[in-house]
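Given chain A, work out where chain B should sit, using these hints.
Residue numbers (this note's numbering), protein chains in the order written: chain A, 1 to 354; chain B, 1 to 293.
Source of the hints: derived by calculation from the structure; they are not laboratory data.
Treat each hint with caution, since some may be false.
Listed next, the in silico PhoX-like pairs over lysine-lysine satisfying Cα-Cα at most 25 Å (straight line) [unchecked claim]:
#: 1; chain 1: B; residue 1: Lys218; chain 2: B; residue 2: Lys245
#: 2; chain 1: A; residue 1: Lys148; chain 2: A; residue 2: Lys40
#: 3; chain 1: B; residue 1: Lys55; chain 2: A; residue 2: Lys148
#: 4; chain 1: B; residue 1: Lys171; chain 2: B; residue 2: Lys23
#: 5; chain 1: A; residue 1: Lys103; chain 2: A; residue 2: Lys40
#: 6; chain 1: B; residue 1: Lys23; chain 2: A; residue 2: Lys40
#: 7; chain 1: A; residue 1: Lys118; chain 2: A; residue 2: Lys103
#: 8; chain 1: A; residue 1: Lys40; chain 2: A; residue 2: Lys149
#: 9; chain 1: A; residue 1: Lys103; chain 2: A; residue 2: Lys327
#: 10; chain 1: A; residue 1: Lys298; chain 2: B; residue 2: Lys171
#: 11; chain 1: A; residue 1: Lys103; chain 2: A; residue 2: Lys149
#: 12; chain 1: A; residue 1: Lys327; chain 2: A; residue 2: Lys298
#: 13; chain 1: A; residue 1: Lys327; chain 2: B; residue 2: Lys171
#: 14; chain 1: B; residue 1: Lys55; chain 2: A; residue 2: Lys40
#: 15; chain 1: A; residue 1: Lys327; chain 2: A; residue 2: Lys195
Since this is a predicted model, take the numbers as computed values, not measurements.
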Amino acid sequence: MVTDAGHYYFAVCGSTMQMRFQTFQSSVEPLFWRELADRKLDQFMLSDAPVPITGLFSCNTQAGIPPSLIAPGSAFSSERQFNPNMFAVPGAVHNCNTLEDFKQRVAEKSSLLEECAKQIMADIRSGAVERDPALLQRFILLTFADLKKHTFVYWFAFPALQPPTPFIATTPADQFPLSSAFSEAQIHALQSGYKQLRVSAVEAGHAPPPMFAVLRSAVDGSVVVRSLADAMAARQQTTAADGTTADGTAQDEWMLGVADAGNLADNAGWTVRNALMYASVRWNVPQLRVICYREAAKTGISTSISMLVNLQTIASDAPLNPTGWEKNLRGAAGARVVDMSNLLDSNRLAESAV
Amino acid sequence: MALRFLLSLGDKYAPVLRSSKFKEEGQLTPDEFVVAGQQLVHMCGTWSWETGDKKSARDYLPAQHQFLITRKVPCRMRAKISSQSVERDIDDGEGGDSWTLTHADQMPAKEEDVPDAQPAPKATAAPVFDDDDDDDDVPDADDYLTSLGAQRNDDNDAASLEPQGKLAVEKHRTYDVSITYDNWYKTPRVWLYGYDEYGRPLSSEQMLEDISSDHADKTVTVENHPHLNIPHVSIHPCQHAHVMKTFIDSYESTGRSLRVDQYLFLFIKLLSAVIPTIDYDFTVDMDAIKISD
Numbered sequence: 001m002v003t004d005a006g007h008y009y010f011a012v013c014g015s016t017m018q019m020r021f022q023t024f025q026s027s028v029e030p031l032f033w034r035e036l037a038d039r040k041l042d043q044f045m046l047s048d049a050p051v052p053i054t055g056l057f058s059c060n061t062q063a064g065i066p067p068s069l070i071a072p073g074s075a076f077s078s079e080r081q082f083n084p085n086m087f088a089v090p091g092a093v094h095n096c097n098t099l100e101d102f103k104q105r106v107a108e109k110s111s112l113l114e115e116c117a118k119q120i121m122a123d124i125r126s127g128a129v130e131r132d133p134a135l136l137q138r139f140i141l142l143t144f145a146d147l148k149k150h151t152f153v154y155w156f157a158f159p160a161l162q163p164p165t166p167f168i169a170t171t172p173a174d175q176f177p178l179s180s181a182f183s184e185a186q187i188h189a190l191q192s193g194y195k196q197l198r199v200s201a202v203e204a205g206h207a208p209p210p211m212f213a214v215l216r217s218a219v220d221g222s223v224v225v226r227s228l229a230d231a232m233a234a235r236q237q238t239t240a241a242d243g244t245t246a247d248g249t250a251q252d253e254w255m256l257g258v259a260d261a262g263n264l265a266d267n268a269g270w271t272v273r274n275a276l277m278y279a280s281v282r283w284n285v286p287q288l289r290v291i292c293y294r295e296a297a298k299t300g301i302s303t304s305i306s307m308l309v310n311l312q313t314i315a316s317d318a319p320l321n322p323t324g325w326e327k328n329l330r331g332a333a334g335a336r337v338v339d340m341s342n343l344l345d346s347n348r349l350a351e352s353a354v
Numbered sequence: 001m002a003l004r005f006l007l008s009l010g011d012k013y014a015p016v017l018r019s020s021k022f023k024e025e026g027q028l029t030p031d032e033f034v035v036a037g038q039q040l041v042h043m044c045g046t047w048s049w050e051t052g053d054k055k056s057a058r059d060y061l062p063a064q065h066q067f068l069i070t071r072k073v074p075c076r077m078r079a080k081i082s083s084q085s086v087e088r089d090i091d092d093g094e095g096g097d098s099w100t101l102t103h104a105d106q107m108p109a110k111e112e113d114v115p116d117a118q119p120a121p122k123a124t125a126a127p128v129f130d131d132d133d134d135d136d137d138v139p140d141a142d143d144y145l146t147s148l149g150a151q152r153n154d155d156n157d158a159a160s161l162e163p164q165g166k167l168a169v170e171k172h173r174t175y176d177v178s179i180t181y182d183n184w185y186k187t188p189r190v191w192l193y194g195y196d197e198y199g200r201p202l203s204s205e206q207m208l209e210d211i212s213s214d215h216a217d218k219t220v221t222v223e224n225h226p227h228l229n230i231p232h233v234s235i236h237p238c239q240h241a242h243v244m245k246t247f248i249d250s251y252e253s254t255g256r257s258l259r260v261d262q263y264l265f266l267f268i269k270l271l272s273a274v275i276p277t278i279d280y281d282f283t284v285d286m287d288a289i290k291i292s293d
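This is chain A alone, in the form it adopts within the complex:
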């Protein structure tokens, strides 16, 4: 037994337990391109200032399917219709007037990413993320729209802040399944609690929060889901940062839940990455259990995973080292091109309607 435990300890400390995160794959709806083209003609004109858009992701990606960050046809609309199961992500489209401009933006892409990363960190430190957890998952879209040919050159970035050293999960991967850390009743409370949180946000006219806090009672093991803002307020009332109450007896455990588009059994998805940076800065605990929340109609939340993660101290002047430009189809750093002429060209549309 001792040997086994020692074995685990070795594995945990080995570099194999450094956390890796499943990236988003961009997916653009055809209507998005038409909306972009229409706005280029009617609104942007020659302006290439960034324009706010809203992307979507869900936490029910099935096995074998890459997690999508969707740019929907409604991305430009300010009238929002929220669904408790679709998470809205704030983004900005930088539409360039010429291909030369696009290349110029690409040459400056590091500073674009850096700027976005600074905004994310500012929102973490100011507490804005607790009021609106979606602020943690921003995205950037560089585009050039060739309106004559109906082709679009584009490049997505899903900025992720990197800690000084990689995050380490101390839970062995074979104990990632929810059932390793939670009873059936606790899993049920987790699912219904988070659903309630999302539904009440949508009913109040807000987007469903992609992050939440969980409190597990040391006394009876009961699990309660709270909003991040509520959790922050409640945690400040306890005397110790690890959730110990004033009399020092009960060790209630606070955990962080993150809506996870990923579907790998051994890896968290992309949204968890910035969530760990957030927790490192704001939660003031050395170690935290993170729930990568995944939910599907048939399987419930059984594909979710959870692990204890060693958090880090992030100095206020620490470099953010943002990463996240999407690779192109060759797996290289590069833009993508989509030819939408068969969908957007009015002459060809008339032909295809025959």
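Chain B in isolation, oriented as in the chain A frame:
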């Protein structure tokens, strides 16, 4: 073409059905469509309402409830090589034999081996710039990638797992499935728009590979989506009311009564016959029907 054009006008300008005929005719009024849609959204979290293109809004539907959509539904193999799955899917249904009976004539007869990883045609989505030498506006792909080579400073991110490469082991496709109200046939109508494993749009021809071969030539057409104005694959609604009437009768023959808000749960079952490879369990928890009994 002329006929289809007239029908498309009919959808927009035909008189609106006001009195409920869902049990007698298998049809819905626009109000009933909204009621049934609300129930679908409520019970099945992957569905949501959309407004679509405002210029195409139908005034007989509320502005916020123009049509229903569920995005990124997995479709793992082409219909032509998975036709045997049709029978099993239908047998799982509530109505037992009657479901199978309803679709007995729709079973695809032949099985053809179709490679499931056909490259997308250039006209739909090119992975990189095209190589037209006669075109000065569009640079050569390799030139362009080379021009980016100087500053790949975020390439050394050891903590990211890319969707491409070894993780993309399955040649899957995904579909956006939407349900509109067809005011000519007074029934819901289904529209499909597909993407390949890289998230690129599929061509109409590629999408038709996912339709069961019996329907690909007849009941399935490529038309402009009424609220998105982008060509989609659509199941023609001319038989929907008839089939739904049959479905409702067989459901009620077991002594139960179907409420109009349950209409779309049954309607989605109909989909599985035409698009056997699309994972409709993903979009609707079929227990929803049992729950609402």
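If any of the earlier hints don't hold here, list their numbers in rising order. 4, 6, 12, 15
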